[in-house]
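*Asks:* Go by the hints and put chain B onto chain A.
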Amino acid sequence: MADKTLIEGIREALDEEMARDPRVFVVGTDIGPRGGVFLATQGLYAKYGPKRIIDAPLAESSIVGIGIGAAMHGLRPVCEIQFADFIHPAYNQIANEAARMYYRTGGQYPVPMVIRAPYGGGVGGGLYHSQSIEATFAHVPGIKVVVPSTPADAKGLLKSAIRDGNPVLYLEPKKGYRMIKGEIPTGDYTTPIGVARVSRAGADLSIFAYGMMHHFALQAAMEAAALGIDAEVVDLRSLSPLDTEAVLASVRKTGKALIVYEDNKFVGYGAELAALISEEAFQSLDAPIVRVAGPDAPAAPYSHPLQDYFMVNTKTILAGIRKLAAY
Amino acid sequence: MPKLGESVVEGKIGRWLKQVGDAVREFEPLLEVETDKVTTEVTATVAGTLLQVLHADGAVVAVDTPIAVIGPAGAEIAQAPAPAETHSRTVETVQSRSPLAARATGQSWVSPVVGRMAAEHGIDVATVVGTGEGGRVTKKDVLAFIETRGVAPAPVELAAWEQPGTGELFRPSEEQPGTPVTAAPDVSQTAGETIPLSAMRRAIAEHMLRSVSTSPHVTTVFDVDLSRVAAHRQANKAVFERDGANLTYTPYFVAAIVAGLKKHPSVNASWADNAVRLHKAVNVGVAVALGEDGLIVPVIRNADALNLLGLARAINDLGERARRRQLKPDETQGGTFTLTNHGASGSLFATPIINQPQCAILAAGKIEKRVVVVTRDGVDSIAIKTMCFIGLTFDHRMLDGAGADAFMSTVKAALEGWA
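As you go down the protein sequences, you meet chains A and B in turn. For the first sequence, the residue numbers in our numbering are 86 to 412. For the second sequence, the residue numbers in our numbering are 295 to 713.
Keep in mind the hints are simulated off the structure, nothing from the lab. From a predicted model like this one, the values you see are computed outputs, not experimental measurements. Quick reminder that beta carbons are idealized off the backbone N, C-alpha and C, glycines included. All clues stand as given, with none of them false.
Dumping the calculated EDC-like pairs for lysine to aspartate or glutamate here, alpha-carbon to alpha-carbon at most 20 Å: (1) A/408 x B/427; (2) A/408 x B/304; (3) A/338 x B/435; (4) B/434 x A/289; (5) B/622 x B/326.
Which residues of chain A face chain B? A partial, calculated answer using Cβ under 8 Å: (6) 340; (7) 411; (8) 412.
Restraint ranges, calculated between C-beta atoms of paired labels, are given here: (9) B/317 x A/381: 35 to 45 Å; (10) A/275 x B/624: 51 to 61 Å; (11) A/181 x B/320: 51 to 61 Å; (12) A/404 x B/337: 22 to 32 Å; (13) A/389 x B/622: 28 to 38 Å.
Just chain A, with the same shape it has in the complex (with noise of 0.2 Å):
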């Protein structure tokens, strides 16, 4: 089977779940004739038209808000937010209405809706091309949060927000999306929401990542095996629901915890997961959790060498890793 990229199957999930259901369109600024700027719906537009395919004035509160009212009247709407800098505008439509109206209504309304972002830095793409956003809405109950981190992953994942019931908020690496490879399964197949994966089994520590910092840290692991230290991974995919189950396990294993994510470090997501650990897994515990994450800087800078030092890498993961092997 031939490799492919996550952004193919990004397109492949999108293509079928509308051959599938003829209840899913996709909302977004320039995702039509032109096919997105990252082409997620290359070639869509020809197949399904302007119906399905719908080219939005640069506003993300009313594609937000267009996805919500559709999903109430029994549509599956999936949004596109070009990049996930600019959702904030939305954020009022996701937090206060799409995550709290099926609990507002007594069950009368729920939103299957899926709202898909591309994040994260390392592009070259500065303040507002660069942020992470996960913690913001990973915090907000009521909305799903998934993040793929193979292409595999991708398809799958995307397929389960798409039938989800729920709000799901789908972020894709984007620097990962022609750079991280891997077989897609042919057929028909769904990436379960709420399920990590152990992408590398270990013995001395969990390296706990999800997006663009599951490849890095999965690479770095490599590394480390190479200096005799042997490294668990866990691929979250799902922040929210959050496999807990998954995250303690392998810190009852291991007894060490490492956790790697992109977001600037303080109350970023990697905080709750250090705290769930040490309230659920203290007893396990052979050292302090360990978190490597971004400085808490405003944003992302656009100079080339202070982007490298700003983002975290294979490198920066490997540091993290040799030390707390040595604890």
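*Replies:* This is chain B only, laid out in the frame that chain A set:
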């Protein structure tokens, strides 16, 4: 304790150049540290007053371990050097926010999992050998302890022929009545002096033992006519002197070795996990004797890029700094071949031990005038020549006798044909 070289994992506190209470400036020499090979001055990383010295002279300390506390004059020091509780800073680490660094390590503290496992298995943690940071007992240490604890080695059934016989005939002689019991004399109790190993002596001991148990050593010896080299040296000594170089025989040997290594790359090699690694770089180590202290092998990097003057200068410089114990640790690393001048102490020929993981070492014997038979135009005559035995000890895993001799022939030709 700073990391003084690529492969250096610990250092021995040599001598404190500053005493507690002394004011120190940033980058001012603070103490001398001995590593396996060299002694280096360590400078202060911050300015202030030396408040506390954490390790006495002679202590061997792992890299990255605090060795002293520098802070404002008169600052209070906690019993343990805990940066968070005083205003002082350790010499090697600025206050770190890393949870790993902030935790004072030691036997007194156990991690949650170690505490739980010790309680479950009734283990006194103090009896477990710790392999973690600062000697901390890790989960793995406890697991290993549980696995090995109380498991007596299974009794081995001795074969009949290994069972001691019984009866008068088989009784050991020392048990027989009337036989005087003589114990082997314990040399440690006889008159004498016990000298503790210096870091260098320990390194030499370990290296030599490892080398002979690693490589099958074979030595081949050639007799070389150094008359032309001697003449060249005599003619050029003054010129070199003007250029600031003391011209000895060593650069000639190194130059000849370089010619040999270039022509026979299989000698410029080392053993690497069931493979032979041929080196591109020609880095020739030259053994320098340091009297009773031992010896050291500084390395002339890229010796093939240097002419005779360059070699002479490099050898002068490395030798001089080796004798003054001022080599940097990395200057003794990375050699691909070694030369030892045992002839300097009058030895004719020798069988040196290979400098691991190199393939071979060349030994130059005493240079002396000898009577030799020379044949010119079919006529034999007796002549007085400046002669020298050179020996090559090589690792027979990598190199065979024919290859070694081919290399030696090139070296010999380079020396005898010197122009």
